[in-house]
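Here is how the chains run, residue by residue.
Number of protein chains: 4
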Amino acid sequence: MGNKIKKIAVMTSGGDSPGMNSAIRSVVRTCAYYRTECVGIYRGYQGMIEGDFITMTARSVNNIIHKGGTILKSARSKEFMTPEGRKKAYEHLKEHKIDGLVVIGGDGSFTGGVVFNNEYNFPVIGIPGTIDNDIYGTSHTLGYDTALNTAMEAIDKIRDTASSHNRLFFVEVMGRDAGFIALNAGVGAGAEEILIPEEDLGLERMLESLKKSKRSGKSSSIVVVAEGDKSGKNVYQLAEYVEENMPEYDVRVSVLGHMQRGGSPTCFDRVLASRMGVKAVELLIDGKSNLMVGLQNDKITTTDLDNAIKGQCDIDMELLRVSDIMTT
Amino acid sequence: MGNKIKKIAVMTSGGDSPGMNSAIRSVVRTCAYYRTECVGIYRGYQGMIEGDFITMTARSVNNIIHKGGTILKSARSKEFMTPEGRKKAYEHLKEHKIDGLVVIGGDGSFTGGVVFNNEYNFPVIGIPGTIDNDIYGTSHTLGYDTALNTAMEAIDKIRDTASSHNRLFFVEVMGRDAGFIALNAGVGAGAEEILIPEEDLGLERMLESLKKSKRSGKSSSIVVVAEGDKSGKNVYQLAEYVEENMPEYDVRVSVLGHMQRGGSPTCFDRVLASRMGVKAVELLIDGKSNLMVGLQNDKITTTDLDNAIKGQCDIDMELLRVSDIMTT
Amino acid sequence: MGNKIKKIAVMTSGGDSPGMNSAIRSVVRTCAYYRTECVGIYRGYQGMIEGDFITMTARSVNNIIHKGGTILKSARSKEFMTPEGRKKAYEHLKEHKIDGLVVIGGDGSFTGGVVFNNEYNFPVIGIPGTIDNDIYGTSHTLGYDTALNTAMEAIDKIRDTASSHNRLFFVEVMGRDAGFIALNAGVGAGAEEILIPEEDLGLERMLESLKKSKRSGKSSSIVVVAEGDKSGKNVYQLAEYVEENMPEYDVRVSVLGHMQRGGSPTCFDRVLASRMGVKAVELLIDGKSNLMVGLQNDKITTTDLDNAIKGQCDIDMELLRVSDIMTT
Amino acid sequence: MGNKIKKIAVMTSGGDSPGMNSAIRSVVRTCAYYRTECVGIYRGYQGMIEGDFITMTARSVNNIIHKGGTILKSARSKEFMTPEGRKKAYEHLKEHKIDGLVVIGGDGSFTGGVVFNNEYNFPVIGIPGTIDNDIYGTSHTLGYDTALNTAMEAIDKIRDTASSHNRLFFVEVMGRDAGFIALNAGVGAGAEEILIPEEDLGLERMLESLKKSKRSGKSSSIVVVAEGDKSGKNVYQLAEYVEENMPEYDVRVSVLGHMQRGGSPTCFDRVLASRMGVKAVELLIDGKSNLMVGLQNDKITTTDLDNAIKGQCDIDMELLRVSDIMTT
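Residue numbers (full-length UniProt numbering), protein chains in the order written: chain A, 1 to 328; chain B, 1 to 328; chain C, 1 to 328; chain D, 1 to 328.
It should be emphasised that the hints constitute simulated quantities derived from the structure, not laboratory data. You may find that some hints are simply not true.
[Stated by the list, open to error] Derived DSBU-like pairs: lysine-lysine, alpha-carbon spacing no greater than 35 Å straight-line: (1) K211(B) <-> K299(D); (2) K7(B) <-> K218(D); (3) K4(A) <-> K299(A); (4) K230(C) <-> K87(C); (5) K4(D) <-> K212(B); (6) K299(A) <-> K230(C); (7) K78(B) <-> K233(A); (8) K230(B) <-> K233(A); (9) K97(B) <-> K218(D); (10) K218(B) <-> K94(A); (11) K211(A) <-> K6(C).
[Stated by the list, open to error] Ranges of calculated distance between the beta carbons of each label pair, as one might list FRET restraints: (12) G311(B) <-> Y241(A): 40 to 50 Å; (13) E79(D) <-> K211(C): 21 to 31 Å; (14) K6(B) <-> M81(C): 51 to 61 Å; (15) G232(A) <-> M81(B): 32 to 42 Å; (16) G287(C) <-> V115(A): 49 to 59 Å; (17) K87(C) <-> N307(A): 55 to 65 Å; (18) R59(A) <-> G51(D): 15 to 25 Å; (19) R59(A) <-> N234(C): 29 to 39 Å; (20) T301(B) <-> E91(D): 48 to 58 Å; (21) K6(B) <-> G202(D): 54 to 64 Å.
Beta carbons are placed, not taken as given, at the ideal position from N, Cα and C, and that holds for glycine.
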């Protein structure tokens with residue numbers, strides 16, 4: 001290879017997720033292992049435009065594997081959507097003699113990477129970091145397993161008070177346009193009903209199902225609602241609708257919110273991040289670009305960034321069926 | 001004593017809180033220790049009116065000390081506010097030959113107990129169970145310590161994402177009309193600002209304080225808001241107000257909600273519940289009534305139920321001062 | 001099918017693991033869904049021999065999905081290893097008109113199932129429940145993900161005190177003869193060294209590695225040791241050996257022990273248990289036997305029980321390599 | 001006051017405990033509030049001897065309130081026990097123009113402070129930081145509440161597996177020569193028996209008690225043993241003794257070990273640390289010395305360091321009685 005990679009930059013971009021620090025650590029340590037220099041870029045593409053860089057050595061990432069958030073901070077950058085912004089970014093990379101970039105983020109961040117690579121032929125590797133699990137080419141995104149457990153544990157707590165008072169709770173969880181968190185955290189928490197964008201249950205059927213649950217002797221219930229649910233009603237309107245139609249229920253709403261983005265990553269997310277970081281650096285060193293590292297069938301694989309962005313990420317229909325059986 | 005206590009009833013009433021099960025267990029086991037029979041009443045005063053009773057032995061309460069919620073369920077009863085309702089309740093107690101009652105709940109539940117005692121001269125002992133810590137005559141109510149940790153750990157998670165994105169979060173915590181949870185969880189989570197009903201900071205001063213914090217180099221901030229805050233604005237309006245006046249901040253809101261009522265009780269709450277349950281039963285056996293068991297200066301004490309209901313429960317002004325110093 | 005399955009028994013056997021209750025719940029609810037009767041057997045094969053059975057309905061398993069341990073209890077049975085024991089067991093099953101059995105346990109439990117099936121042609125389906133992850137035919141056993149997180153979080157805590165005091169800790173984790181827990185929890189916790197049965201590092205190399213780590217400026221270190229490690233020394237002897245050879249280190253030992261078997265299951269384990277329970281019941285209803293339900297490539301699959309017992313379960317060599325890179 | 005305090009040093013010494021970082025943060029921020037300079041000393045007295053100092057500003061302690069361990073590290077120093085060692089230490093303090101010292105640690109650390117103060121008339125204030133709660137003059141030491149919860153949660157997990165297998169567990173918890181952790185975590189975890197140094201139960205009585213528990217239908221049991229227990233047998237010998245005398249029990253041992261020293265501090269410990277740090281700095285500024293800050297009757301108080309060292313710290317006998325009643 002003519003152009004051996006000598007200096008790699010790593011950054012986190014878009015919404016943060018647990019495991020991003022573990023991935024940063026892995027990228028930095030893998031660089032150290034291959035005696036490749038490593039630079040951290042603060043605040044994603046915006047920091048790249050502003051030249052907000054920091055040299056990173058193995059010691060820079062001591063004691064961060066277990067930390068939520070991202071020590072490199074994250075941001076969304078409108079300026080990077082302009083050619084002028086990307087030009088500034090490129091100049092900063094050149095100035096620092098950086099010859100490869102690892103972007104930890106979601107599809108918006110990958111799109112930026114693809115455009116940048118097209119314009120400047122600059123090697124870019126993506127690591128999927130988002131709690132929403134909505135990236136094609138990987139069965140798990142970084143932070144997803146942690147967010148599932150955070151959401152589920154919060155619902156466990158809500159269950160305590162719901163069953164003490166024979167109440168019906170509508171609990172909204174995150175997930176953007178996808179129902180992964182809702183479906184898995186819902187099954188894990190033993191929810192009586194789960195509303196996800198991928199399946200339009202219909203308000204009538206939900207009501208029927210809740211009435212059946214009530215008749216079967218259940219005195220409390222949890223309905224988990226994905227934030228992207230397509231029922232046409234938000235979680236408060238859903239609660240109101242049920243309260244009107246089932247006055248026997250005492251209905252409450254809880255929106256779990258941003259706590260789902262934080263917290264110490266689970267073992268799964270830390271290990272996944274470690275594996276992905278190694279692969280990302282090795283791909284750059286091998287002269288590869290425009291790839292996303294992913295997990296498929298428990299193995300680390302790669303997917304074209306283009307496909308990762310455009311691909312459709314399907315929910316497991318078998319799990320929907322399991323959920324139906326569990327709540328019968 | 002002419003009327004030796006032979007059978008004691010225990011119930012949970014009003015909003016549930018972690019530690020109620022530990023207290024039920026303690027009451028039941030203490031009864032067993034003193035060879036006094038014990039009966040559990042489901043759903044508080046409403047269950048008393050309906051005669052929804054269950055015999056409890058030491059084995060009935062195996063493996064519940066660590067469980068959130070209440071195995072006896074809880075409820076609010078409008079019917080018990082009527083003389084007819086209380087008459088029915090009294091008849092059920094007599095029918096089951098119960099001669100003493102332990103009520104685990106908050107001031108509303110104690111008021112019911114006092115009225116009932118006045119009418120029927122029926123021995124009643126209260127155990128303060130509420131996450132809000134707003135009961136006079138005890139430094140800690142059951143569930144308060146657990147709720148503090150639940151709220152604080154949620155804020156810790158929010159801090160992860162706040163500092164990754166340089167955001168300002170308004171986090172609403174529970175506490176009814178009192179600021180105990182907000183003040184303590186806020187100090188524990190290192191909040192930049194804490195808004196509680198006991199102190200009217202004024203929107204201007206809050207803004208000033210946030211601006212100062214920004215100037216001092218802090219890029220993210222957490223403002224903890226008690227649900228009973230008296231600023232005249234709810235947490236969403238507060239966020240909007242700050243966003244308008246400090247456009248440099250990216251503001252978000254999180255309402256922690258009912259998860260604060262659930263979860264496995266902390267060691268403090270389990271031990272406190274065990275101590276209070278013993279004392280409650282021993283007071284009844286000693287022929288006492290109309291008292292609330294409390295913790296004062298780390299000792300188990302008693303307070304007249306009347307005083308517990310009417311007394312003013314003050315927030316620790318020294319801690320407010322500590323909070324101010326911490327966020328300077 | 002001539003012999004339609006009308007009544008299914010479920011039991012837990014061998015060492016308990018988190019998620020067993022979630023699997024029991026799933027089996028019971030799936031039976032209810034298919035209008036098949038369901039019976040729980042206490043204490044595994046021993047309870048089967050003693051006829052310790054209980055009828056289970058959907059309500060029997062309310063509120064257990066999140067509980068550690070097993071409500072059906074578990075045991076090892078020597079009597080079941082004898083033809084007489086198995087005869088008694090068979091007679092109890094016939095007496096209760098049970099025509100299918102779901103065994104949740106490890107390879108010892110499956111061996112019992114295979115022998116029993118051979119003798120009595122009784123339909124048996126296995127669900128792999130053990131924290132050790134040492135079962136062929138599934139990428140994950142029930143309880144493994146939970147145990148990983150329990151071990152890792154304990155090591156996180158040990159790390160706090162290790163780095164405060166510049167100490168070297170040897171931490172022994174469970175896993176029987178396999179290194180799955182040690183390798184994954186070790187990578188997740190950022191351990192400096194991981195000793196597993198599958199790789200004989202040699203004491204010399206471990207020492208070399210620790211010295212290198214010390215030279216590189218690390219002042220504290222964690223060595224994770226699998227209980228089945230083949231170095232010929234137990235964890236205390238290892239510590240002594242290092243202390244003698246590296247007097248500059250202050251060495252401590254921690255054996256995590258049985259807490260790794262308990263605790264509320266993670267979302268992953270609860271969802272996996274729900275999926276496996278559905279499949280197990282559907283296999284019996286479909287007239288299948290002698291199969292273990294497993295997870296392979298994220299899909300629910302089946303493996304002959306014979307193969308599950310005999311098959312070799314390999315550790316992920318890529319992860320070993322990742323571990324080496326992380327600790328360089 | 002002639003000698004206004006202008007620069008304060010803070011250090012952590014002896015065994016580390018959760019909350020030490022929260023206390024460091026509080027000392028540093030309180031100094032900032034009073035426009036007093038602040039210096040951190042690494043590794044306690046040893047770092048003082050070696051001049052291992054670091055300037056600390058409010059920003060140095062951002063985002064540490066929730067962290068276990070101590071960012072200033074801790075150590076025990078033999079050299080400080082010699083006049084030569086203390087002389088070196090004093091010279092470093094003078095060289096840096098430090099005029100007051102806050103020592104966060106246990107009685108050994110306070111003894112060092114008293115000796116140092118006697119020799120050099122150097123103002124010293126102590127903050128009690130140890131998980132053992134064995135310091136006179138405070139109802140709670142920093143880290144104690146966290147350690148209680150860590151120990152209790154571990155025992156909760158052990159309970160899961162104990163009751164699945166009808167086993168008897170001996171669980172050793174920390175506490176040096178005191179039974180605070182054992183008694184409170186034991187009561188909190190619902191232990192069947194608690195062995196502490198303050199009460200010599202006698203092996204016979206323990207056996208009797210376990211037999212009674214067995215007869216009453218309990219199939220599993222947890223015995224919590226303080227590391228300083230005075231039965232003359234360690235936890236393994238106790239287990240063996242019971243196994244010999246009660247062959248019907250399947251006995252296991254778990255030593256919780258150093259994980260009890262780590263972990264993120266509870267809300268109680270973080271708030272206590274914040275309050276104590278403020279008080280310690282204010283005492284120095286007020287010209288006070290040789291005092292320990294403590295919590296008594298929920299108020300921040302002071303005690304002569306001499307008394308704190310010599311005073312006897314008694315266990316709550318009422319709680320022992322509660323424990324007996326709970327396990328009857």
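Outcome of the hint check:
The straight-line distance between the Cα atoms of K211(B) and K299(D) is roughly 33 Å, inside the 35 Å bound, and the hint therefore holds. Between the alpha carbons of K7(B) and K218(D) the distance comes to roughly 24 Å, so the proposed pair stays at or under 35 Å and holds. Taking the CA atoms of K4(A) and K299(A), the gap is about 27 Å. The hint holds against a cut of 35 Å. A C-alpha spacing of about 40 Å is found between K230(C) and K87(C), which places the hinted pair above 35 Å, so the restraint is violated.
In summary, the hint linking K4(D) to K212(B) is supported, as the alpha carbons are separated by about 28 Å, within the 35 Å threshold. A C-alpha spacing of about 27 Å is found between K299(A) and K230(C), which places the hinted pair at or below 35 Å, so the restraint holds. For the suggested pair K78(B) and K233(A), the alpha carbons sit about 33 Å apart, so the restraint of at most 35 Å is met. In summary, the hint linking K230(B) to K233(A) is supported, as the alpha carbons are separated by about 31 Å, within the 35 Å threshold.
For the suggested pair K97(B) and K218(D), the alpha carbons sit about 29 Å apart, so the restraint of at most 35 Å is met. Between the alpha carbons of K218(B) and K94(A) the distance comes to roughly 31 Å, so the proposed pair stays at or under 35 Å and holds. Of the supplied pair hints, the one linking K211(A) and K6(C) holds, its CA atoms being roughly 28 Å apart against a limit of 35 Å. Checked against the hint of 40 to 50 Å, the C-beta distance between G311(B) and Y241(A) comes to roughly 43 Å, which is consistent with it.
Between E79(D) and K211(C) the CB atoms are about 26 Å apart, so this pair conforms to the stated range of 21 to 31 Å. For the pair K6(B) and M81(C), the beta carbons lie near 53 Å from each other, so the given range of 51 to 61 Å is met. Distance hint check for G232(A) and M81(B): the Cβ-Cβ separation is about 41 Å, which falls inside the suggested range of 32 to 42 Å. For G287(C) paired with V115(A), a C-beta distance near 56 Å keeps the hint of 49 to 59 Å intact.
A C-beta distance of roughly 60 Å is found between K87(C) and N307(A), which places it inside the suggested range of 55 to 65 Å. Our hint of 15 to 25 Å for R59(A) and G51(D) holds, since their Cβ atoms are close to 23 Å apart. At about 33 Å, the beta-carbon gap between R59(A) and N234(C) stays in the expected band of 29 to 39 Å. At roughly 53 Å, the beta carbons of T301(B) and E91(D) sit within the given window of 48 to 58 Å.
Between K6(B) and G202(D) the CB atoms are about 35 Å apart, so this pair departs from the stated range of 54 to 64 Å.
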